[in-house]
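**Student:** Chains as they are written, first to last, in this note's numbering: chain A, 1013 to 1344; chain B, 1013 to 1344.
You may find that some hints are simply not true.
The list treats identical chains as one, so a pair stands whether inside a single copy or across any two.
[Stated by the list, open to error] Straight line, CA to CA, 20 Å or less: simulated SDA-like cross-link-like pairs of lysine to any residue:
| no. | residue 1 | residue 2 |
| --- | --- | --- |
| 1 | Lys1124 | Pro1040 |
| 2 | Lys1124 | Gln1255 |
| 3 | Lys1124 | Gly1052 |
| 4 | Lys1124 | Arg1045 |
| 5 | Lys1124 | Phe1288 |
| 6 | Lys1124 | Arg1323 |
| 7 | Lys1124 | Arg1292 |
| 8 | Lys1124 | Thr1046 |
| 9 | Lys1124 | Pro1082 |
| 10 | Lys1124 | Asp1048 |
| 11 | Lys1124 | Pro1111 |
| 12 | Lys1124 | Arg1213 |
| 13 | Lys1124 | Arg1106 |
| 14 | Lys1124 | Gln1340 |
| 15 | Lys1124 | Leu1142 |
| 16 | Lys1124 | Glu1160 |
| 17 | Lys1124 | Ala1343 |
Just so you know, these hints were derived from the structure itself, not from any lab.
Number of protein chains: 2
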Amino acid sequence: MPAPPLAIQPADVLAAAQRLRGVAHRTPVLRSRTADELSGAQLFFKAENLQRMGAFKFRGAYNALVQFTPAQRRAGALAFSSGNHAQAVALSGRLLGMPTVIAMPQDAPAAKLAATREYQAGQPGSEVVLYDRYTEDRDAIGARLAAERGMTLIPPYDHPHVMAGQGTAALELIDDAGPLDALLVCLGGGGLLSGSATIGRAMLPGLRVIGVEPEAGNDTQQSLARGEIVQIAVPQTIADGAQTQASGRLTFPVIQALVERIVTVSDAQLVQTMRFFAERLKQVVEPTGCLAAAAALAPGALDALGLRGARVGVIVSGGNVDLARYAQYLAR
Amino acid sequence: MPAPPLAIQPADVLAAAQRLRGVAHRTPVLRSRTADELSGAQLFFKAENLQRMGAFKFRGAYNALVQFTPAQRRAGALAFSSGNHAQAVALSGRLLGMPTVIAMPQDAPAAKLAATREYQAGQPGSEVVLYDRYTEDRDAIGARLAAERGMTLIPPYDHPHVMAGQGTAALELIDDAGPLDALLVCLGGGGLLSGSATIGRAMLPGLRVIGVEPEAGNDTQQSLARGEIVQIAVPQTIADGAQTQASGRLTFPVIQALVERIVTVSDAQLVQTMRFFAERLKQVVEPTGCLAAAAALAPGALDALGLRGARVGVIVSGGNVDLARYAQYLAR
């Protein structure tokens, strides 16, 4: 039986880039002599911490919502998230003039709640709905909201439009940095990684695409070894954007087909990398956003991958971190 | 008696820009919708925290050292500083292949010492010299080092080449942002302010140039009121780059001629602005670097200056802050 086709093709990423033109920021590619010395390679950091709402997630959410039919637009979009996907859908909805409902667990941080509401502000019909994650069934809530209001659920990664949108980060990086030998991309559910691999391998057929997971949450590394999606318990890591239990049914086949391997980094490496970004590049980067850079900066890591002296793209995925917690990381 | 000519002219800044081309970073101009809403104006932030060695000071130091005669180059440059000027001269010297001696008080922070030595690394004849600021006379040390080694002293602000170099930050800002109505610039000794006013008023004759000092160290505000240079005690402020006691003999006449007024901000406003930059723009900015932005973001401040809805340039002067201390500011 032939394998089913992959969920996205390079053309989907190119089309997403046209939809995002003038809406998403074309974030800069940052260089650092010290990072080059530490890694023994030439690193090109794609600064998605400077993206709208502070993370690459805006790309995928907007690319999904902008393709709604008129009926879908009237009813609006629904998302389950207390993280960057929540803010991405909230902001995209407001920009497109459509209502969004963001469902968050009752115990989500107040700051996340406030930020999401701020992005929804002025858009009639938009709201944050809180649920008790211990007593209420998330799928049932989703089904009810979808049925009652006719809203379209946008998942955080396992959706072709989301995957294609995220890939535009890699498209811009390669456009701006020129030919790369390798691309390091963080992953939770694999939306950014699958989109980036799709466009990256099309633009540069020899490109080595390497995913980076937190040590404690290496479900996709295990899945690649096993040849099927492995589900793990919610991983304990400060990389809250990568606390997924399994990669997606749509993202995993793309990763299997186009990604060379997955490497992992520890929370201690993430903290060290956060400090590096603050001290040297003057950039605030959230823990998840440090995953790919931590893999590049670990002593000997790129050597071990045969990437000494190579031109390596590194996606810095976001900068949304609670200031009090961030202060603790820097103070260590 | 006619007033003596000002120490620099617009052409000096233009010439400095040519010398800095390909050497200094052309730092980005950052925008923020939230900052625009808070200020009631359109703010254009010139991100000199992303300049080489982390502050605008590189511009002036390099512009001074690159104009040394062959004999001066062989002997090298001398600077008294434990701040950004130290690192600026150290790095410029290394790039130009000339020795630098940086004299720092014995009790300067170890991190500043290490950073300066790192910038000097590999340049024969370069060193950091420590002195006891309570028992040793700074001028005598300077005179001795100059006499013994024939080194040329580069002061941190009161030097035409330094002033002209700093002005290139405003030149780039106006080039990139387009016509501005006003320009907010921090000041300690007034190097950046005098250079920026010189080029800014030449490019945009109607430009209103406004200096910003820490509340506790408003010597230049006092000087403008008095019509002569006022000297104050070392001010107690977290804006360590603006702890000067008086503006310079060369900078003050330029400020008198071209700057509309000086406004002041409190340390509490600086902390608030540091937090704003981290949270919203994902930028690490040092306290001194927040001066101009704090003046723009203070509620009603731009209104009071008649700048509602105006296009206002804001120079963010640097991002070099000890991480432990920075963490304390963010944790508040």
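**Student:** Compare the structure with each hint and give your call.
**Tutor:** Each hint, compared with the structure:
1. In this assembly of identical chains, lysine 1124 and proline 1040 lie within 20 Å of each other by CA distance neither inside one copy nor across copies; the values are 26 Å within and 29 Å between.
2. Taking identical chains as interchangeable, the C-alpha atoms of lysine 1124 and glutamine 1255 lie at most 20 Å apart only when both belong to the same chain, with a minimum of 17 Å there against 38 Å between chains.
3. Taking CA atoms no more than 20 Å apart as the test, lysine 1124 paired with glycine 1052 passes in neither setting, with 38 Å inside one copy and 26 Å between copies.
4. Taking the shortest Cα distances, lysine 1124 and arginine 1045 sit within 20 Å of each other only across copies (19 Å), while inside one copy they are farther apart (35 Å).
5. Taking the shortest alpha-carbon separations for lysine 1124 and phenylalanine 1288, only the inter-copy value of 16 Å comes in at or below 20 Å, while the best intra-copy value is 25 Å.
6. Proximity of lysine 1124 to arginine 1323 under the C-alpha cut-off of 20 Å is found in neither arrangement, the shortest distances being 36 Å within a copy and 32 Å between copies.
7. When the C-alpha separation of lysine 1124 and arginine 1292 is checked against a cutoff of 20 Å, the pair qualifies only between copies, where the shortest distance is 14 Å, while the shortest distance within a copy is 28 Å.
8. Taking CA atoms no more than 20 Å apart as the test, lysine 1124 paired with threonine 1046 passes between copies only; the shortest distance there is 17 Å, against 34 Å inside one copy.
9. Taking identical chains as interchangeable, the C-alpha atoms of lysine 1124 and proline 1082 are never at most 20 Å apart, the minima being 30 Å within one chain and 59 Å between chains.
10. In this assembly of identical chains, lysine 1124 and aspartate 1048 lie within 20 Å of each other by CA distance neither inside one copy nor across copies; the values are 35 Å within and 22 Å between.
11. Taking the closest pair of Cα atoms, lysine 1124 and proline 1111 come within 20 Å of each other only inside a single copy of the chain (19 Å); across copies the shortest separation is 52 Å, beyond that limit.
12. Taking the shortest Cα distances, lysine 1124 and arginine 1213 never come within 20 Å of each other, neither inside one copy (35 Å) nor across copies (44 Å).
13. Proximity of lysine 1124 to arginine 1106 under the C-alpha cut-off of 20 Å is restricted to the intra-copy arrangement: shortest distance 17 Å within a copy versus 46 Å between copies.
14. With identical chains, the CA atoms of lysine 1124 and glutamine 1340 are at most 20 Å apart within one copy only, with a shortest distance of 18 Å there and 22 Å across copies.
15. Proximity of lysine 1124 to leucine 1142 under the C-alpha cut-off of 20 Å is restricted to the intra-copy arrangement: shortest distance 12 Å within a copy versus 48 Å between copies.
16. Taking the shortest Cα distances, lysine 1124 and glutamate 1160 never come within 20 Å of each other, neither inside one copy (26 Å) nor across copies (62 Å).
17. Proximity of lysine 1124 and alanine 1343 under a CA criterion of 20 Å is satisfied inter-copy only: 18 Å between copies versus 23 Å inside one chain copy.
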